[in-house]
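Number of protein chains: 2
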Amino acid sequence: MHVLFLGDLMWIYLLLLCCASCNGRPDPRKRDALIGLEASRRTGGDITLNEREKLLDGKLQKLKQHDMEAGQFPPSMHFFKAKRLIDQSPVFNLIQKMPKGAALHVHDFAMVSVDWLVKNVTYRENCYVCFTDKQTVQFIFSSGPPASSSYCSSWTLLRSLREKIKNTTELDNSFIRNLTLFTEDPDRAYPNQDTVWERFEQVFLVAYGLVTYAPVFKDYLYEGLRQFYEDNIMYVEIRALLPQTYELDGRLNDKDWSMAACQEVVNQFKKHHPDFIGARVIFTVHRKINATEAVKTVEEAMILRRNFPDVMAGFDFVGQEDLGRPLWYFKDALSLPEDKGFNLPYFFHAGETDSQGTDVDQNLMDALLFNTTRIGHGFALARHPVVKEMARKMDVPIEVCPISNQVLKLVSDLRDHPAAVLMAEGHPLVISSDDPAVFGATALSHDFYEAFMGFGGMSFNLGTLKELALNSLRYSTLPSQRKEEAIDALLVKWDKFVWESLL
Amino acid sequence: MHVLFLGDLMWIYLLLLCCASCNGRPDPRKRDALIGLEASRRTGGDITLNEREKLLDGKLQKLKQHDMEAGQFPPSMHFFKAKRLIDQSPVFNLIQKMPKGAALHVHDFAMVSVDWLVKNVTYRENCYVCFTDKQTVQFIFSSGPPASSSYCSSWTLLRSLREKIKNTTELDNSFIRNLTLFTEDPDRAYPNQDTVWERFEQVFLVAYGLVTYAPVFKDYLYEGLRQFYEDNIMYVEIRALLPQTYELDGRLNDKDWSMAACQEVVNQFKKHHPDFIGARVIFTVHRKINATEAVKTVEEAMILRRNFPDVMAGFDFVGQEDLGRPLWYFKDALSLPEDKGFNLPYFFHAGETDSQGTDVDQNLMDALLFNTTRIGHGFALARHPVVKEMARKMDVPIEVCPISNQVLKLVSDLRDHPAAVLMAEGHPLVISSDDPAVFGATALSHDFYEAFMGFGGMSFNLGTLKELALNSLRYSTLPSQRKEEAIDALLVKWDKFVWESLL
Ligand SMILES: [Zn+2]
Ligand SMILES: [Zn+2]
Numbered sequence: 001m002h003v004l005f006l007g008d009l010m011w012i013y014l015l016l017l018c019c020a021s022c023n024g025r026p027d028p029r030k031r032d033a034l035i036g037l038e039a040s041r042r043t044g045g046d047i048t049l050n051e052r053e054k055l056l057d058g059k060l061q062k063l064k065q066h067d068m069e070a071g072q073f074p075p076s077m078h079f080f081k082a083k084r085l086i087d088q089s090p091v092f093n094l095i096q097k098m099p100k101g102a103a104l105h106v107h108d109f110a111m112v113s114v115d116w117l118v119k120n121v122t123y124r125e126n127c128y129v130c131f132t133d134k135q136t137v138q139f140i141f142s143s144g145p146p147a148s149s150s151y152c153s154s155w156t157l158l159r160s161l162r163e164k165i166k167n168t169t170e171l172d173n174s175f176i177r178n179l180t181l182f183t184e185d186p187d188r189a190y191p192n193q194d195t196v197w198e199r200f201e202q203v204f205l206v207a208y209g210l211v212t213y214a215p216v217f218k219d220y221l222y223e224g225l226r227q228f229y230e231d232n233i234m235y236v237e238i239r240a241l242l243p244q245t246y247e248l249d250g251r252l253n254d255k256d257w258s259m260a261a262c263q264e265v266v267n268q269f270k271k272h273h274p275d276f277i278g279a280r281v282i283f284t285v286h287r288k289i290n291a292t293e294a295v296k297t298v299e300e301a302m303i304l305r306r307n308f309p310d311v312m313a314g315f316d317f318v319g320q321e322d323l324g325r326p327l328w329y330f331k332d333a334l335s336l337p338e339d340k341g342f343n344l345p346y347f348f349h350a351g352e353t354d355s356q357g358t359d360v361d362q363n364l365m366d367a368l369l370f371n372t373t374r375i376g377h378g379f380a381l382a383r384h385p386v387v388k389e390m391a392r393k394m395d396v397p398i399e400v401c402p403i404s405n406q407v408l409k410l411v412s413d414l415r416d417h418p419a420a421v422l423m424a425e426g427h428p429l430v431i432s433s434d435d436p437a438v439f440g441a442t443a444l445s446h447d448f449y450e451a452f453m454g455f456g457g458m459s460f461n462l463g464t465l466k467e468l469a470l471n472s473l474r475y476s477t478l479p480s481q482r483k484e485e486a487i488d489a490l491l492v493k494w495d496k497f498v499w500e501s502l503l
Numbered sequence: 001m002h003v004l005f006l007g008d009l010m011w012i013y014l015l016l017l018c019c020a021s022c023n024g025r026p027d028p029r030k031r032d033a034l035i036g037l038e039a040s041r042r043t044g045g046d047i048t049l050n051e052r053e054k055l056l057d058g059k060l061q062k063l064k065q066h067d068m069e070a071g072q073f074p075p076s077m078h079f080f081k082a083k084r085l086i087d088q089s090p091v092f093n094l095i096q097k098m099p100k101g102a103a104l105h106v107h108d109f110a111m112v113s114v115d116w117l118v119k120n121v122t123y124r125e126n127c128y129v130c131f132t133d134k135q136t137v138q139f140i141f142s143s144g145p146p147a148s149s150s151y152c153s154s155w156t157l158l159r160s161l162r163e164k165i166k167n168t169t170e171l172d173n174s175f176i177r178n179l180t181l182f183t184e185d186p187d188r189a190y191p192n193q194d195t196v197w198e199r200f201e202q203v204f205l206v207a208y209g210l211v212t213y214a215p216v217f218k219d220y221l222y223e224g225l226r227q228f229y230e231d232n233i234m235y236v237e238i239r240a241l242l243p244q245t246y247e248l249d250g251r252l253n254d255k256d257w258s259m260a261a262c263q264e265v266v267n268q269f270k271k272h273h274p275d276f277i278g279a280r281v282i283f284t285v286h287r288k289i290n291a292t293e294a295v296k297t298v299e300e301a302m303i304l305r306r307n308f309p310d311v312m313a314g315f316d317f318v319g320q321e322d323l324g325r326p327l328w329y330f331k332d333a334l335s336l337p338e339d340k341g342f343n344l345p346y347f348f349h350a351g352e353t354d355s356q357g358t359d360v361d362q363n364l365m366d367a368l369l370f371n372t373t374r375i376g377h378g379f380a381l382a383r384h385p386v387v388k389e390m391a392r393k394m395d396v397p398i399e400v401c402p403i404s405n406q407v408l409k410l411v412s413d414l415r416d417h418p419a420a421v422l423m424a425e426g427h428p429l430v431i432s433s434d435d436p437a438v439f440g441a442t443a444l445s446h447d448f449y450e451a452f453m454g455f456g457g458m459s460f461n462l463g464t465l466k467e468l469a470l471n472s473l474r475y476s477t478l479p480s481q482r483k484e485e486a487i488d489a490l491l492v493k494w495d496k497f498v499w500e501s502l503l
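Those sequence lines, one after another, are chains A and B. Residue numbers are given in full-length UniProt numbering: position 389 of the first sequence equals residue 389, and the series is strictly consecutive. Residue numbers are given in full-length UniProt numbering: position 141 of the second sequence equals residue 141, and the series is strictly consecutive.
A hint or two may mislead.
Copies of the same chain look alike in the list, so a pair counts if it works inside one copy or between any two.
[Stated by the list, open to error] Taking lysine to any residue and the SDA-like style, the derived pairs with C-alpha atoms no more than 25 Å apart in a straight line are: (1) Lys164 to Val118; (2) Lys288 to Arg25; (3) Lys30 to Lys340; (4) Lys30 to Asn371.
Treat the hints as calculated values from the structure; they're not laboratory data.
Here chain A stands alone, though its shape is the one from the complex:
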């Protein structure tokens, strides 16, 4: 991470002084110096590549050139249309193989490719389905036929249904469509932010009955870690709603059960994959709750944090920021931990908005005033120069999720994403994927591709990628000893990756 030194400013002054008083043409050496100065400011701009890395970077620049000149530049297109192109890109192929460190901003029920939910989970015993009047489906596991609800058809045992209709492909595909936002013509399907957010929250309701079934809850998390691990990620921090899970007989488990299950699954996964470092949970709640509910929830968060210090990292709000309550509304609840001398770290989603000068647009500043550890998205940060400087001085990174911001219609051409500005300035940030399963993306590689190509074009290099991977561990909540070990492990993986990519 590069900090702006006074020395830089002095250099510019000197160069300008020379330039303003020079006769005739600009000095090419001064021009080169300025270009170099600008390059050094970028994310990873102060990383010195070793000989092997330089070789790989040369190769990478050629591959990038190919993607830049192919006529259709994927980051300029909607991800649903660009995915096919990205999947064929050698740059993407390299990024997939690259150790990417940690994913610090992903949501609990959007981690696992929905194929697994449909092909594995819905094929399990005792899975019932019903069809709602909103043309969506609901699932539930039950030992006997569940009581039907008013907004849904009567429950059908999926196994019987599948036996009846013989060709189950179309049924399974309709489930998949219900569980993702993917569509061929996203601009037509989702004309504005409110419609896409409505469908987005609906998708989670469809998954709800599947993933809150206690045995699936654990398997889901395990499979999620597996898919992230497979995408060369060694550590994950998960925003989790921690809803009640249920057993086959209808018994309900509380948040403690979910936390204990997380801890158990993570430990199990680490045992099977010794180079995986772990996962922690950031407890989240919908930002539509009122002040009284917020106080209760923060108290709950403190108890969870006390009971599960290893796995419970902190607290956050979720949901469409523009329609939710601003952070400042929750000031009493959010001040509780400090008032009681309790350390409850915050990881606020903030600035995930296009609105300027509204109450919600103050969330970025308020997140910092409430001493947030990181900022989710921070899409609006570049428009808040004072907050931006504060964040940089406090070394509070933003978690940039390019595909999420595009699908949820904050920006259409990713070259216009404000993170392009922030990365040019070397602002502290990490790249993450928010809800990869809902967007049809891999755990992290597609977002890395979009950020690398879309925010930097030809100007980013292998150092940028290395810095992004390093940042993801630096800005994790790992305790300092484990953080150092993780970074060392990442660097070993990195060297191996560079070596193998040159073969």
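Once you've looked at the hints, dock chain B with the ligands against the given chain A.
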């Protein structure tokens, strides 16, 4: 224009220091102070409104709220779809009446509403039309039937054609379609930057035969000044290709003729409109020319500048930046004036691109190294932090043309326009309209609306508008004495506008 003082940084440090060490909740007074600090940084943020202005600002904020909450927010939509909404907006109505100072970035043949071209110019005597194989039209004035060319049908006298077809509405409408980019479904008609630029340059070819007819050339300029004046603009700087004009008998006039014509028309217009300050010309050439041609053109520019010091302001390149030659390619030609000790001010279009790290992406820096007076567009500036600081220190403004950038597909939602970031920082800039006739926009008011609402949402106020109007004169090439007078005249108009808007 607000410059970042070290004092500001100190303030932040102090506030942060307090905040980091505070117990319990954030202090609301510190929060207010930070919000105020951020507001003071914005374009116009250090303008103190007088009592009347405060009253009008209160009214304006309410009107803005209405536009923000109307469901469809015009700056988030393509201008061709938003225009109807904007035209009904009381905010737009106010902006139309507002004295806006100068338009510093408009092109010679895109100043006059195409209705005038069709309804007035094509109805003149001796106007011939032909239909090309690209489904466009060409016009020419001629005393007798002109020789036909290979790519076009034979020439038809428009008057005869109109008599023959009786109902001329459809014909006139087809001419209008040929002369603008307007279409109901712009995303379908112009799928990418190259296709829209191709059509864009075609539009100028259609107008060419009309506007280079010597008598029309003068009338066009006069009508252009009239339409800008009517939009409450008091001064214009026109990028002009200065092509040869022709007489009815085919005789050709050179650039000197055009310059003299400009001077004559401007003087005539000023005589009829004493509160109009004037217009100057920036001589432009297409950036596809080669180095030898560039040397000749710069020499030509120097001669024009020597012969017409009052009306000739300087030199610039035009055309799609990505497909043209980078500025650095022209370094020999551009160094000529300095080498000869001649002052030829530059006004380079630069950074009108989404490409990052390409040769063309160096244009912003090179424009400054060649000591440009202003930068046309500077769309990529926020992604170049070193160039941005240089520009600010050199007080070189960018000329932001929101509708142009949207129609030419640099950005789709204007809230994502990088000028939102730059205005939040109080970066030196002016708002202009580039080619309002081709986009179907008013002289400047539609661009002002898009900038005011799209870049600032609820955070901009009447001070922002006042600063933008003042900036347009400050950054004009008016000599200092005339500039001061112009600003004084603007402020008188401004006070009248505020007073009348309160009635
Ligand atoms: Zn999120
Ligand atoms: Zn222009």
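Verification of the supplied hints:
1. Lys164 to Val118: within (18 Å within a copy, 68 Å between copies)
2. Lys288 to Arg25: between (61 Å within a copy, 22 Å between copies)
3. Lys30 to Lys340: Between copies only: 22 Å across chains, 57 Å inside a chain, cut-off 25 Å.
4. Lys30 to Asn371: between (42 Å within a copy, 14 Å between copies)
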